[in-house]
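Residue numbers (numbering that gives the first Met the number 0), protein chains in the order written: chain A, 0 to 293; chain B, 0 to 306; chain C, 0 to 262.
Source of the hints: derived by calculation from the structure; they are not laboratory data. This one's a predicted model, so the numbers in the text were calculated from it and none came from an experiment. A portion of the hints provided could be inaccurate.
As the list claims (entries may be wrong) - Below, computed lysine to aspartate or glutamate pairings styled on EDC-like, alpha-carbon distance capped at 20 Å:
id: 1; chain 1: A; residue 1: Lys39; chain 2: A; residue 2: Asp195
id: 2; chain 1: B; residue 1: Lys234; chain 2: B; residue 2: Glu259
id: 3; chain 1: A; residue 1: Lys287; chain 2: A; residue 2: Glu276
id: 4; chain 1: C; residue 1: Lys178; chain 2: A; residue 2: Glu99
id: 5; chain 1: C; residue 1: Lys198; chain 2: A; residue 2: Glu105
id: 6; chain 1: B; residue 1: Lys38; chain 2: A; residue 2: Glu145
id: 7; chain 1: A; residue 1: Lys225; chain 2: A; residue 2: Asp241
id: 8; chain 1: A; residue 1: Lys144; chain 2: A; residue 2: Glu105
id: 9; chain 1: B; residue 1: Lys38; chain 2: A; residue 2: Glu142
id: 10; chain 1: A; residue 1: Lys127; chain 2: A; residue 2: Glu142
id: 11; chain 1: B; residue 1: Lys234; chain 2: B; residue 2: Asp42
id: 12; chain 1: B; residue 1: Lys234; chain 2: B; residue 2: Glu251
id: 13; chain 1: A; residue 1: Lys225; chain 2: A; residue 2: Glu13
id: 14; chain 1: B; residue 1: Lys145; chain 2: B; residue 2: Glu127
id: 15; chain 1: B; residue 1: Lys228; chain 2: B; residue 2: Glu52
id: 16; chain 1: C; residue 1: Lys178; chain 2: A; residue 2: Asp168
id: 17; chain 1: A; residue 1: Lys81; chain 2: C; residue 2: Asp186
id: 18; chain 1: C; residue 1: Lys178; chain 2: A; residue 2: Asp175
id: 19; chain 1: A; residue 1: Lys38; chain 2: A; residue 2: Asp168
id: 20; chain 1: B; residue 1: Lys210; chain 2: B; residue 2: Glu52
id: 21; chain 1: A; residue 1: Lys225; chain 2: A; residue 2: Asp175
id: 22; chain 1: C; residue 1: Lys198; chain 2: A; residue 2: Asp109
id: 23; chain 1: C; residue 1: Lys198; chain 2: A; residue 2: Glu99
id: 24; chain 1: B; residue 1: Lys38; chain 2: B; residue 2: Asp233
To be verified - Okay, the calculated bits of chain B under chain A, using three or more residues with CB under 8 Å as the criterion:
id: 25; stretch: 52-61
id: 26; stretch: 187-197
id: 27; stretch: 257-271
id: 28; stretch: 279-292
No residue lacks a Cβ here, since even glycine has one placed at the ideal position from N, Cα and C.
The primary structure of each chain is shown beneath.
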Amino acid sequence: MLENYNGKEIIQVESLTYVYAAGTPLAAAALRDVSLSVKKGEFLVLAGPTGSGKSTLAQHFNGLLLPTAGIVRVAGRDTRVKNFRRRLWQLVGLAFQYPEQQLFAETVFDDVAFGPRNLRLAAEEVEKRAAAALEIVGLDPREAKERSPFALSQGQRRRAALAGILAVDPAVLVLDEPAAGLDPRGRRRLLGVFKDLQQRRGKTIVLITHDMDNAASLADRIVVLKEGRIFREGTPREVFGDPGPLLEIGLRLPVPAEILRRLGIEGVALTLPEAEERINEAAAGMRKRRPNFI
Amino acid sequence: MPGFISPQNRPLRGSAVDDYYIGIDNLKYVYNRGEPGEKAALDGISARVDRGEFIAVVGANGSGKSTLARHLNALLLPVAGCVMVNGLDTRRPENLPAIRREVAMIFQNPDNQIVAATVEEDVAFGPENLGLPPELIARRVDAALKAAGLEQLRTVPPHFLSGGQKQRLAIACALAMQPGCLVCDEPTAMLDPAGREEILNTLLRLNRSEKVTLILITQFMEEAALARKVWVLDKGRLVFLGAPAELFARPELLTACGLELPAPAELARRLRAAGWPLSLEILTLDDLVAQLRRILGQNPFLNQNMI
Amino acid sequence: MVENIVFGQYIPGKSILHRLDPRAKIFCLLTFIPAVLVAGHWPFYVLLTLLTVFFIVLSGLPRRIVFQTLRPFWFILILTFLLQVFFTPGEAFLQAGIFQATKEGAVLGGLLFWRLTLIIAVSSLLTLTTSPLDLTAAVERLLAPVARLGVSAPELAMMMTVAIRFLPTLLREALTIKKAQQARGVDFNSGWPWERLAKTIPLLVPLFAGAFGRAEELAAAMEARGYRVGAKRTRLHPLRFAWRDLAAAGFTAAVFALVVLAE
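Working from the sequences, and respecting the hints, build out all of it.
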């Protein structure tokens with residue numbers, strides 16, 4: 000049934016408003032009239048300052064939170080429908096920040112198999128899925144059967160926790176700062192895994208991140224939230240091509256774009272090679288006029 | 000472990016190490032010593048810290064950065080070798096109070112180092128432990144809150160603070176001990192970019208204007224670029240010790256240690272390879288932009304307003 | 000003699016409640032009270048009330064003594080009840096001057112009155128059956144991961160401060176872990192009671208592991224800020240944790256988990 004959604008909107012959010020502690024004096028609107036959609040197979044980055052509602056929005060995608068007003072549809076079905084909500088978690092996998100805090104089982108393997116077991120799959124199928132998920136994140140399935148998740152290094156624990164979410168084989172993965180706290184190589188590798196899942200296996204990825212360099216190099220589309228509303232939306236080139244508003248709300252440009260901006264070179268660069276090219280072009284333009292330049 | 004000399008039997012050195020402000024001599028540390036999970040964490044580290052310095056310590060996850068940091072104020076004690084702070088050996092229990100006063104620590108998770116129920120009380124916790132009279136504590140609290148820019152938040156419960164504010168509270172708590180040295184163990188790892196900048200600016204100001212010695216453990220190479228000196232740890236060994244510019248001139252070393260050049264230095268390297276006359280001293284985005292501007296500066300086709 | 004007993008004064012005895020390890024008793028109390036606070040349905044009130052009566056019987060103390068410990072609280076209990084009755088908006092059944100008592104208020108006030116009564120009764124059982132020395136030792140030992148240094152009276156106050164300070168943090172963490180496990184397919188709101196109990200493992204293990212990690216970091220942070228406690232103390236009668244203690248702790252934890260999951 001999901002094939003029908005290829006390239007179409009697998010998540011539709013219409014005029015979503017969410018109020019925390021509704022009906023009490025502490026009530027505070029976390030999301031106001033948000034409308035957006037996520038297309039199947041796209042890599043969407045949710046950005047915005049702390050407290051802008053990114054995580055609240057993400058929790059609506061798999062029914063952990065339900066709209067105070069408005070509607071959220073996943074694969075065409077309303078997330079408020081009770082018997083759909085029970086199965087929604089298989090469609091949309093969600094990893095909170097520092098997901099390794101949720102590890103609990105005796106072995107890494109059991110922890111990863113927890114999701115598939117909740118699906119009540121046959122033992123071999125559980126085994127197969129858990130092993131596959133562990134391999135995707137670069138952990139050895141055989142070793143995982145012997146080691147306690149509490150004996151792993153921080154980076155390994157992170158990957159084990161994410162494998163636990165991949166093992167359910169959800170069509171959409173929602174990831175909240177999955178690489179926070181890892182070293183540069185660990186960050187790059189882990190984000191590479193998700194880009195790969197999107198490009199080769201057609202997964203839909205929703206990445207919540209503060210890191211604009213990652214957003215620029217990974218995203219097909221960026222949605223910037225501010226105070227619970229959608230502030231900017233578009234391709235990285237569109238969003239970073241209009242830096243004024245972003246800088247105003249305390250966000251930064253990716254380094255390549257920021258360098259071009261400060262040098263006054265027209266256009267947007269999303270990657271370092273691209274920035275290099277643009278700077279070389281600017282210099283070439285200069286050489287034409289002043290042959291002795293450089 | 001062969002070759003290890005038990006701390007009790009090892010003669011304390013009278014020379015070099017204790018002449019330094021902080022001296023580390025052939026420091027070794029092993030987790031779960033003598034147990035099945037035994038794991039060498041630090042393997043023969045020797046280094047020194049001078050007063051007023053700003054040193055960044057970088058390395059991949061599990062390279063031993065935090066373990067090293069915890070040796071600098073005797074939260075961990077060497078399995079072999081020694082650490083001397085201001086001439087005091089960390090292995091001697093009677094030195095602990097003086098060492099803890101001299102070297103203050105700031106940890107990664109801002110939530111796990113707040114003790115009390117309000118900002119003010121939390122800052123007072125350290126001086127209270129020193130047994131100071133109330134007036135003196137009040138004075139220290141005032142000064143520390145001011146230095147960290149938290150005067151307005153004195154009576155606020157900590158769980159109402161933002162991540163950056165919590166970490167500034169941790170800095171204020173450290174300052175209330177009037178330390179000569181701040182050891183910061185990845186203080187920005189759990190913060191958003193705005194919070195990160197807030198903390199870095201505070202730390203830099205303390206180092207520059209208050210002459211506080213700053214040792215910054217970090218995974219962000221952009222932060223290491225701001226330091227005067229960088230130590231690179233790899234699997235418990237100190238594999239590099241020198242200025243950031245020297246380190247960034249050796250990208251292969253960084254790669255081997257699981258690290259990367261910060262983006263501006265990486266772009267400078269690429270441009271240099273393409274023939275641009277950029278100096279090796281480019282560490283930060285500001286440096287790179289300044290040099291490129293000087294070269295491109297006279298171009299009439301660049302939009303001068305943007306520069 | 001009985002007349003002079005104030006709230007929670009220790010009465011020596013040999014009952015099972017007396018013999019339980021004080022740490023187990025504290026743990027039971029710490030799970031029972033939140034269960035009372037969280038409970039919102041009649042069946043649970045009945046269950047918790049029966050349990051309280053059961054505990055009183057187990058203590059082997061004259062019932063009179065237990066009721067007596069409530070005495071200093073009567074005023075507050077009745078005041079709380081009346082405030083609820085008269086200041087809850089709703090359908091009035093009684094007019095007294097400008098005040099009107101409402102049905103809703105009577106229900107709310109009654110529930111609150113009952114909750115407080117249960118909490119005071121059970122709390123007093125702890126101090127009635129445990130010597131102050133044992134209690135202090137138990138608190139010391141329970142807080143050992145944080146203190147890791149042995150605790151004495153002034154430190155106890157510090158530990159309480161820390162505990163209060165960390166409550167919001169741990170509550171937030173518990174909520175996140177619950178959501179994270181829901182996102183992995185745990186349905187906390189269905190199944191038989193024993194199934195529901197099994198479902199608390201993915202909740203409790205990470206929560207405790209996390210709390211332990213926090214405690215360790217906090218201990219380091221406190222130590223780094225010059226916090227030290229005098230030399231380690233030894234005890235003539237070291238505390239011993241037995242199977243019955245584990246059973247008691249497990250039982251109230253189960254009650255707590257059941258109530259929390261159902262509400």
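For each hint, the structure was consulted:
1. Using a Cα cut-off of 20 Å, the hinted pair Lys39/A and Asp195/A holds, with the two alpha carbons roughly 15 Å apart.
2. Distance check on the hinted pair: Lys234/B and Glu259/B sit about 16 Å apart at the alpha-carbon level, within 20 Å; holds.
3. With a CA separation close to 17 Å, the supplied pair Lys287/A and Glu276/A stays within the 20 Å bound.
4. Pair hint Lys178/C plus Glu99/A holds up; C-alpha atoms about 14 Å apart against a cutoff of 20 Å.
5. Of the pairs offered as hints, the one joining Lys198/C and Glu105/A holds, with about 15 Å between alpha carbons and a cut-off of 20 Å not exceeded.
6. With a CA separation close to 18 Å, the supplied pair Lys38/B and Glu145/A stays within the 20 Å bound.
7. Taking the CA atoms of Lys225/A and Asp241/A, the gap is about 16 Å. The hint holds against a cut of 20 Å.
8. For the proposed pair Lys144/A and Glu105/A, the alpha carbon gap of about 9 Å is at most 20 Å, so the pair holds.
9. At most 20 Å may separate the alpha-carbon atoms for a hinted pair to count; Lys38/B and Glu142/A meet this at roughly 18 Å.
10. With a C-alpha separation of about 15 Å, the suggested pair Lys127/A and Glu142/A falls inside the 20 Å cut-off, and the hint holds.
11. Restraint check for Lys234/B and Asp42/B: satisfied, since their Cα atoms lie roughly 8 Å apart, inside the 20 Å limit.
12. Of the supplied pair hints, the one linking Lys234/B and Glu251/B holds, its CA atoms being roughly 17 Å apart against a limit of 20 Å.
13. Of the supplied pair hints, the one linking Lys225/A and Glu13/A holds, its CA atoms being roughly 17 Å apart against a limit of 20 Å.
14. The straight-line distance between the Cα atoms of Lys145/B and Glu127/B is roughly 19 Å, inside the 20 Å bound, and the hint therefore holds.
15. Pair hint Lys228/B plus Glu52/B holds up; C-alpha atoms about 8 Å apart against a cutoff of 20 Å.
16. At roughly 19 Å between alpha-carbon atoms, Lys178/C and Asp168/A fall within 20 Å of each other, so this suggested pair holds.
17. Proposed proximity of Lys81/A and Asp186/C is supported: the alpha carbons are some 12 Å apart, at most 20 Å.
18. Between Lys178/C and Asp175/A, the direct Cα distance comes to roughly 14 Å. Compliance with the 20 Å bound is thereby established for this hinted pair.
19. The hinted pair formed by Lys38/A and Asp168/A meets the criterion: a straight-line CA distance of about 18 Å does not exceed 20 Å.
20. As the CA atoms of Lys210/B and Glu52/B are separated by approximately 8 Å, the hinted pair is consistent with the 20 Å bound.
21. At roughly 17 Å between alpha-carbon atoms, Lys225/A and Asp175/A fall within 20 Å of each other, so this suggested pair holds.
22. Taking the CA atoms of Lys198/C and Asp109/A, the gap is about 15 Å. The hint holds against a cut of 20 Å.
23. A hinted pair counts as satisfied when its Cα atoms are at most 20 Å apart, and Lys198/C with Glu99/A qualifies at roughly 19 Å.
24. About 14 Å separates the Cα atoms of Lys38/B and Asp233/B, which keeps this hinted pair within 20 Å; it holds.
25. Requiring three or more residues with a Cβ within less than 8 Å of a Cβ of chain A, the coverage given for the stretch 52-61 of chain B holds, as 4 such residues are present.
26. Remark: the stretch 187-197 of chain B is confirmed as covered by chain A, as 6 of its residues place a Cβ nearer than 8 Å to a Cβ of that chain, reaching the required three.
27. Only residues whose C-beta sits within less than 8 Å of a C-beta in chain A count toward coverage, and the stretch 257-271 of chain B has 9 of them, enough to reach three; the restraint holds.
28. Restraint check on the stretch 279-292 of chain B versus chain A: 5 residues with Cβ-Cβ distances below 8 Å, three needed, restraint holds.
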